[in-house]
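Chemist: Spelled out, the chains give:
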Amino acid sequence: MTLLRGRGYASVNYPTGMNLGGDPSQALIHATTMGAFVISLSSVDLGQGLKTVVAQCAAETLGMPMANVIVDTADTDTGPHCMGTFASRGTHRVGNAVIMAAREARDVMLAVAADELEVDAGDLETDGTGFVRLKGSPETRIHIQDITLAAHFKQGKTISGRGIFLKERNYPVPETGEMDPDSCQAHACTVADVEVDDETGVVTVLGLHNTYEIGRALNPAMAAQQVEGGGWMGVSHAIFESTEPYYPASRDHGPVDFCEYLMPGPAEIPVQESVILERPASNGPFGAKGIGEMTANAPIPAIANAIFDACGVRLTTMPFTPESILRGLDALRA
Amino acid sequence: MKIVNLKVNGVGKTFIARPETTLLLALREQLGLTGAKRGCAQGACGSCTVLLDGDPVVSCLIPAMTVDGGDVATVEGLADGPVLSDVQQAFLDGFATQCGFCTPGMIMSAEALLDRNPSPTRDEVNEAISGNVCRCTGYEPIVSAILDAAERRRAGANL
Numbered sequence: 001m002t003l004l005r006g007r008g009y010a011s012v013n014y015p016t017g018m019n020l021g022g023d024p025s026q027a028l029i030h031a032t033t034m035g036a037f038v039i040s041l042s043s044v045d046l047g048q049g050l051k052t053v054v055a056q057c058a059a060e061t062l063g064m065p066m067a068n069v070i071v072d073t074a075d076t077d078t079g080p081h082c083m084g085t086f087a088s089r090g091t092h093r094v095g096n097a098v099i100m101a102a103r104e105a106r107d108v109m110l111a112v113a114a115d116e117l118e119v120d121a122g123d124l125e126t127d128g129t130g131f132v133r134l135k136g137s138p139e140t141r142i143h144i145q146d147i148t149l150a151a152h153f154k155q156g157k158t159i160s161g162r163g164i165f166l167k168e169r170n171y172p173v174p175e176t177g178e179m180d181p182d183s184c185q186a187h188a189c190t191v192a193d194v195e196v197d198d199e200t201g202v203v204t205v206l207g208l209h210n211t212y213e214i215g216r217a218l219n220p221a222m223a224a225q226q227v228e229g230g231g232w233m234g235v236s237h238a239i240f241e242s243t244e245p246y247y248p249a250s251r252d253h254g255p256v257d258f259c260e261y262l263m264p265g266p267a268e269i270p271v272q273e274s275v276i277l278e279r280p281a282s283n284g285p286f287g288a289k290g291i292g293e294m295t296a297n298a299p300i301p302a303i304a305n306a307i308f309d310a311c312g313v314r315l316t317t318m319p320f321t322p323e324s325i326l327r328g329l330d331a332l333r334a
Numbered sequence: 001m002k003i004v005n006l007k008v009n010g011v012g013k014t015f016i017a018r019p020e021t022t023l024l025l026a027l028r029e030q031l032g033l034t035g036a037k038r039g040c041a042q043g044a045c046g047s048c049t050v051l052l053d054g055d056p057v058v059s060c061l062i063p064a065m066t067v068d069g070g071d072v073a074t075v076e077g078l079a080d081g082p083v084l085s086d087v088q089q090a091f092l093d094g095f096a097t098q099c100g101f102c103t104p105g106m107i108m109s110a111e112a113l114l115d116r117n118p119s120p121t122r123d124e125v126n127e128a129i130s131g132n133v134c135r136c137t138g139y140e141p142i143v144s145a146i147l148d149a150a151e152r153r154r155a156g157a158n159l
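Residue numbers (our numbering), protein chains in the order written: chain W, 1 to 334; chain E, 1 to 159.
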């Protein structure tokens, strides 16, 4: 028995959004009389963190604390339209729409504050803690709760804003095939180190080294975790997840549920080393690109290349099972 | 049907259990404790993990009628008012959650481990949470948070 070590790498360019019949998302924002800003969306947060990043976008644009922002993703029947959270488009499309809505709301907020303070709205700024104040004269200020109460009960105004981001449909140039199907692309590279047991065919992933260029990381902790969680999924796709030999040959037996579906546990995952490079995209919300699906992409071919480097077996079908390794080794020896 | 008396997070509770009522269902729908999650409902994912008489169990597989007189601890009972438990605080500080669905089960498995073994190795932590599936984090932040909580608990005990 020999343990063969190998190293491989793979790169990925990943588009943000899709070229549908146009790829828009809308957002609405309004202030409550208690000084909170409610963002209404029909975009869904299913755990990827959309609510957090759009709240950050709104707070930054309004100049208000995160605590003053409420994200309501209640209902696709009644909310402003969104194409959906897929194609790594949520942060980019919805973030941009929220920024546009928040800018409009901010203008109204400053106009109401200007009336209350009897100054010009152009001379006002936010301090980030909940106050709107006169530039150069910070003691002339008014709190957001007083602004929203004055808007509602004295001035008869709604502090609100509408936002949309539309990536228009793009058609290819017939002669060249050239087209602009997405708004921007993120880029990444993963280097994988593996060990292959030439007697059992078992592949162990010893390490993953990830580098991601994703525009601006709006929330660095969530971006880093997306990279490593996606790395885990990549390892899982590469060497574990399969319903073979039962599917699609027959559904009469074999794994029909997740009890029998192999996934790596905490002991099967290598140490990951990850670097995020920030090169803001000109059309992204504060420069962000999408970093969703791409994180599970590069680890798989990187592991395939590392297996080839380790033992000379070139595998092109996932998962890279012990059986496929041993058959490959037999073919090399024949 | 059977009237079941349980101690839940230190407080006596009484409810009526049907034969098909699982402990998870009773906690979530009869006692209003929705921390434990219904993931696979077949004991494979660990998101429903609670402590029964100190042992971590998958509450989706336990008929509520069989645990009359038992002592159940759920994630809701860990914090002391606004003060989180050491494991909860370590998860928060170490950013050991993403979507959060597995978190209550992970935390209860970690509590059970640390109650028994105040100085676990990384391998022992891996073993303790091997019945809890996480699809977001890649596990590393969770394992590190549990080791961190163990260290905090030992430091606290030495004060």
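Take these hints with a grain of salt, some might be off.
As the list claims (entries may be wrong) - Label pairs and their calculated CB-CB ranges: (1) W:293 with E:118: 36 to 46 Å; (2) E:89 with W:156: 40 to 50 Å; (3) E:16 with W:156: 27 to 37 Å; (4) W:317 with E:20: 54 to 64 Å; (5) E:89 with W:330: 22 to 32 Å; (6) E:95 with W:330: 12 to 22 Å.
What the hints assert, rightly or not - Facing chain E, from chain W, some residues (calculated, C-beta under 7 Å): (7) 225; (8) 232; (9) 326.
These are calculated hints, taken from the structure and not from any lab test. Since the structure is predicted, the reported quantities are computational estimates derived from the model, not experimental observations. A virtual CB, placed ideally from N, CA and C, is assigned to each residue, including glycine.
Chemist: Next step is simple, just say for each hint if it's right about the structure.
Modeler: Results of checking the hints against the structure:
1. W:293 with E:118: 36 to 46 Å: holds, 41 Å
2. E:89 with W:156: 40 to 50 Å: holds, 47 Å
3. E:16 with W:156: 27 to 37 Å: Given range 27 to 37 Å: violated, Cβ gap about 55 Å.
4. W:317 with E:20: 54 to 64 Å: violated, 43 Å
5. E:89 with W:330: 22 to 32 Å: Check failed, 54 Å falls outside 22 to 32 Å.
6. E:95 with W:330: 12 to 22 Å: For residue 95 of chain E and residue 330 of chain W the Cβ distance comes to about 46 Å; the hint is violated.
7. 225: holds, 6 Å
8. 232: Constraint on residue 232 of chain W satisfied, holds at 3 Å.
9. 326: It is violated, given that the least Cβ distance between residue 326 of chain W and chain E is near 27 Å, above 7 Å.
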